Amino acid sequence: MGFLSLKEVEKHNKKNDIWVIIHGKVYDLTNFLPEHPGGQKIILKYAGKDATDSFDPIHPPDIIQRLLPPDVFKGVVDPSALTKVLKVETEEDRRIRMARENMPNLDEMYNSFDFEAVAKSVLKAEAWSYFSSGSENEITLRENHSAFHRIWFKPRVMVNVKYVDPSTTFLGTRTAFPLYISATALGKMGHPEGEVVLARASAKRNLIQMISNYTSCSFDEIVNASAPSHTQWLQIYINSNPRREKDMRQKYILDAPEEIRSGTTEVRRDQGASQALSQFIDATFCWDDIAWIKSITKMPIVIKGVQASEDAVLAAKHGCQGIVISNHGGRQLDFAPSAIEILPEVTAALKRERINEEFEVYIDGGIRRGSDIFKAIALGAKGVGIGRPSLYAMSAYGDAGVERLLELLQNEFEMVMRLMGVTSIEQIKPEMVDTRNLKDHFASIPKDYLAGSVYDPMRPISHFSKL
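If you're matching positions, the sequence shown starts at 1 in UniProt numbering and goes up one per residue.
In case anyone wonders, no lab produced these hints; they're calculated from the structure. Source: prediction; values computed, not measured. Ideal placement from N, C-alpha and C gives every residue a C-beta, glycine not left out. Be a bit skeptical, because a hint or two may be false.
Distance ranges between label pairs, derived from CB positions [claimed, not checked]:
1. Asn111 - Leu234: 28 to 38 Å
2. Glu358 - Tyr455: 36 to 46 Å
3. Asn213 - Asn102: 30 to 40 Å
4. Pro70 - His36: 17 to 27 Å
5. Pro300 - Arg97: 23 to 33 Å
6. Leu82 - Glu426: 58 to 68 Å
7. Pro70 - Arg100: 18 to 28 Å
8. Phe219 - Glu426: 19 to 29 Å
9. Ala291 - Pro70: 32 to 42 Å
10. Leu82 - Asn102: 29 to 39 Å
Using the sequences and the accompanying hints, generate a full structural model.
As C-alpha cells, then:
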C-alpha cells in the first residue's frame with residue numbers, strides 16, 4: 001500500500017466524510033463521529049488534519065484497534081510530509097515553556113502544595129482544569145482537606161521512638177507506609193508517559209498503585225512499567241453523572257470553533273472531559289451485581305465511593321473485602337461529606353454489626369500531609385489514597401517528582417509517629433486524636449495558607465479566563 005498524500009486526506013473534512021491522522025495513520029471516523037463519547041466537535045476540529053497531539057493525552061495507544069472495526073483504517077501518510085508541517089508556538093506554548101525553564105529545583109519541593117503550585121504554572125489550561133476542578137461550587141472539594149483541620153492531636157511523651165516502623169499491609173500486601181496512589185484518569189494530559197510514571201515511582205517506593213480504567217496509557221503499558229513484585233489494584237469505575245463546571249467551561253472555550261463561541265451555532269456546554277467519560281458508566285449497577293462479580297474473580301473486591309455507614313455495612317454483608325470511603329475528590333455531588341468525617345461513623349457501625357476485623361477501610365480525598373494520614377489511621381482507616389498530589393508531582397517533575405512527593409509524605413508521617421509517641425501502626429489509636437469539632441462545619445479552624453495559595457477559585461462566566 002502506498003502513502004496517502006496530505007492533500008488527499010484534507011479533502012475528507014466534512015461531517016459526512018471525515019478522515020483524521022493519528023500517529024501517521026489515517027482513519028475514517030465518519031460513522032464513529034456521532035458515537036464519540038467526547039462529542040463531535042473535537043473530531044470535527046481535526047477533520048482532514050493531524051489529531052495526534054490532542055489524541056495522545058486522553059487515549060490509550062491501542063484504543064482504536066480495540067474498539068473500532070479494521071475498515072476505518074485507510075492508509076499511512078508519508079512521514080516526510082508530516083515533518084514538513086511546522087508547528088507555530090502559541091501564546092500558551094510560550095507561557096508553559098518559560099514556566100518550565102524557570103521551575104524550582106526538585107530539592108526545593110518541601111510539601112505537596114509546592115508541587116501543586118508548580119504544576120499550575122506548567123500545565124495546559126485544559127489539563128489544569130481537569131485535574132483541579134470539582135463539582136458545582138467546589139464546597140466538597142475544599143472541605144475534603146479543611147476537615148482535617150478540625151482534628152487535633154493528643155501527643156504522648158517519654159517514649160523511646162528512636163526506631164519507628166511505618167509499614168503495614170493492604171489486602172495482604174506489605175507496603176512501606178499506609179498510603180497508595182489512587183486511580184486517576186487521563187494522566188498524559190500532565191506528562192507524556194502518563195500513568196506509567198506513577199507505576200514506576202510507586203514501585204520504587206514500595207507503595208501500591210490503583211489503576212483507573214480511564215487511563216491515557218494501556219493497561220499492559222502500566223503493568224509492564226512496574227516491578228515484577230509490585231502490587232497494583234484495578235479500579236472499575238462506576239459512579240453518577242459528573243458535572244464539573246470549571247472543566248466543562250474550559251472544554252467549551254478550547255474546543256469550540258469560532259462560529260460556536262460567537263453564538264451562531266447551537267451547542268451544549270456540558271461536554272467536559274469528565275462528562276464524556278461518564279457516558280461509559282452503567283447507571284443500573286447495584287448491590288445485586290456484587291454476587292456476579294464474585295462469581296467471575298477470586299481477587300478481593302473493594303467498593304469505592306462509600307459515603308454512608310449503612311453502605312459500609314452492606315458492602316461487608318455482601319462479601320466484599322473492604323471499602324474506600326470517598327466522594328471522588330469532590331468531583332461528583334457537591335456538599336457530600338468528607339471521607340475523614342464519615343470515617344468514625346463507619347468504624348462505629350462496623351463494630352456494632354460485629355463485622356470481621358479483616359474487612360479493611362480506606363479513605364481518599366484531601367490528604368496532603370503526613371499528619372492527615374496519621375489522623376485517618378487513628379480513626380480506623382487501614383490506609384489512605386492520594387490522587388491529585390501525585391498528578392501534580394508527575395506533571396511538573398516526572399518520575400523523580402512523584403518519588404520525591406512520596407518520600408516527603410513518608411518522612412512527615414514518621415515524624416508525626418515519633419511526636420505522638422508511637423513506633424508502629426498498631427499503636428495508633430482513636431484516643432490519640434480529638435474529634436469534638438469534626439462535624440462542626442462552622443467551627444473556627446486555622447487558616448491553611450498553603451492550601452489557599454494554590455486553590456483556584458471559580459468565577460462567574462464573564463471572568464472565567466483564570467488560567
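Range hint compliance [Cβ, Phe219 to Glu426, 19 to 29 Å]: 35 Å, violated
Range first: 17 to 27 Å. Now tell me if the beta carbons of Pro70 and His36 are that far apart. 18 Å, holds
Assessment of proposed distance window 30 to 40 Å (beta carbons of Asn213, Asn102): Roughly 37 Å apart at Cβ, these two residues keep to the hinted range, so it holds.
Could you say whether the range 23 to 33 Å given as a hint is met by the Cβ separation of Pro300 and Arg97? 45 Å Cβ-Cβ, so the 23 to 33 Å window is violated.
Hint says 32 to 42 Å; check whether the CB-CB distance for Ala291 and Pro70 agrees. Hint holds: Cβ distance 37 Å, inside 32 to 42 Å.
Is the hinted range of 18 to 28 Å satisfied by the C-beta distance from Pro70 to Arg100? For Pro70 and Arg100 the Cβ distance comes to about 40 Å; the hint is violated.
Kindly confirm whether 58 to 68 Å is satisfied by the beta carbon distance between Leu82 and Glu426. At roughly 59 Å between Cβ atoms, Glu426 and Leu82 fall inside 58 to 68 Å, so the hint holds.
Outcome of range test on Cβ distance (Glu358, Tyr455; 36 to 46 Å): For Glu358 and Tyr455 the Cβ distance comes to about 39 Å; the hint holds.
Kindly confirm whether 28 to 38 Å is satisfied by the beta carbon distance between Asn111 and Leu234. 30 Å, holds
In this structure, is the beta-carbon distance linking Leu82 and Asn102 contained in 29 to 39 Å? 32 Å, holds
When held up to the earlier numbered hints, the structure conflicts with 5, 7 and 8 and fits the remainder.
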